[in-house]
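Undergrad: Start from the sequences and build out the full structure, keeping to the hints where you can.
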Amino acid sequence: MFKIKELTIGIKSIQDFINHAAKRLPDKDNRGFTDHINYMQEVLNRVLDIFRYFDDTWYNSKRQ
Numbered sequence: 645m646f647k648i649k650e651l652t653i654g655i656k657s658i659q660d661f662i663n664h665a666a667k668r669l670p671d672k673d674n675r676g677f678t679d680h681i682n683y684m685q686e687v688l689n690r691v692l693d694i695f696r697y698f699d700d701t702w703y704n705s706k707r708q
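Every position in the sequence shown, counted from 1, becomes a number in my numbering once 644 is added.
Worth flagging that the hints you see were computed from the coordinates, not collected in a lab.
By construction, the Cβ of each residue, glycine as well, lies at the ideal position given by its N, Cα and C atoms.
Any given hint could be a false lead.
[Said to hold, decoys possible] Simulated restraints, written as ranges between beta carbons of each label pair:
#, residue 1, residue 2, range
1, Thr678, Lys647, 29 to 37 Å
2, Glu650, Asp673, 34 to 42 Å
3, Tyr697, Asn674, 31 to 39 Å
4, Tyr697, Asp660, 34 to 42 Å
5, Thr701, Arg668, 39 to 47 Å
6, Arg668, Val691, 20 to 28 Å
7, Ser705, Gly676, 37 to 45 Å
8, Ser705, Lys667, 24 to 32 Å
TA: Here it is, written out as structure tokens:
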């Protein structure tokens, strides 16, 4: 079972991967591609915002 801090670190790693991959892909100049990358980053940022309201005790009690 993951803790909130571990999930936060995981999401930040996913964001880093998205940024790294987006710079290397040949379609990076495509407007739709850029919009989707920005959308994914925005969604992940909102998830991180939501995680700030919860602690591990609450999260783990709801998962069981």
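Undergrad: 37 to 45 Å was suggested as the range; check whether the CB atoms of Ser705 and Gly676 agree with it.
TA: holds (42 Å)
Undergrad: I want to verify a distance hint. Is the separation of the beta carbons of Glu650 and Asp673 within 34 to 42 Å?
TA: holds (35 Å)
Undergrad: Indicate whether the distance between the beta carbons of Tyr697 and Asp660 respects the range 34 to 42 Å.
TA: Violated: the Cβ-Cβ distance is about 24 Å, outside 34 to 42 Å.
Undergrad: Determine whether the Cβ-Cβ distance between Thr701 and Arg668 falls within the hinted range of 39 to 47 Å.
TA: For Arg668 against Thr701, whose Cβ atoms are near 40 Å apart, the range 39 to 47 Å holds.
Undergrad: Given a hinted range of 24 to 32 Å, is it respected by the beta-carbon distance of Ser705 and Lys667?
TA: violated (41 Å)
Undergrad: Falls inside 20 to 28 Å, the C-beta gap from Arg668 to Val691?
TA: holds (25 Å)
Undergrad: Does the Cβ distance between Thr678 and Lys647 fall inside 29 to 37 Å?
TA: Given about 33 Å between the Cβ atoms, the range holds.
Undergrad: Please test the hint of 31 to 39 Å on the beta carbon pair from Tyr697 and Asn674.
TA: holds (36 Å)
In this structure, the earlier hints numbered 4, 8 are contradicted, and the remaining ones agree with it.
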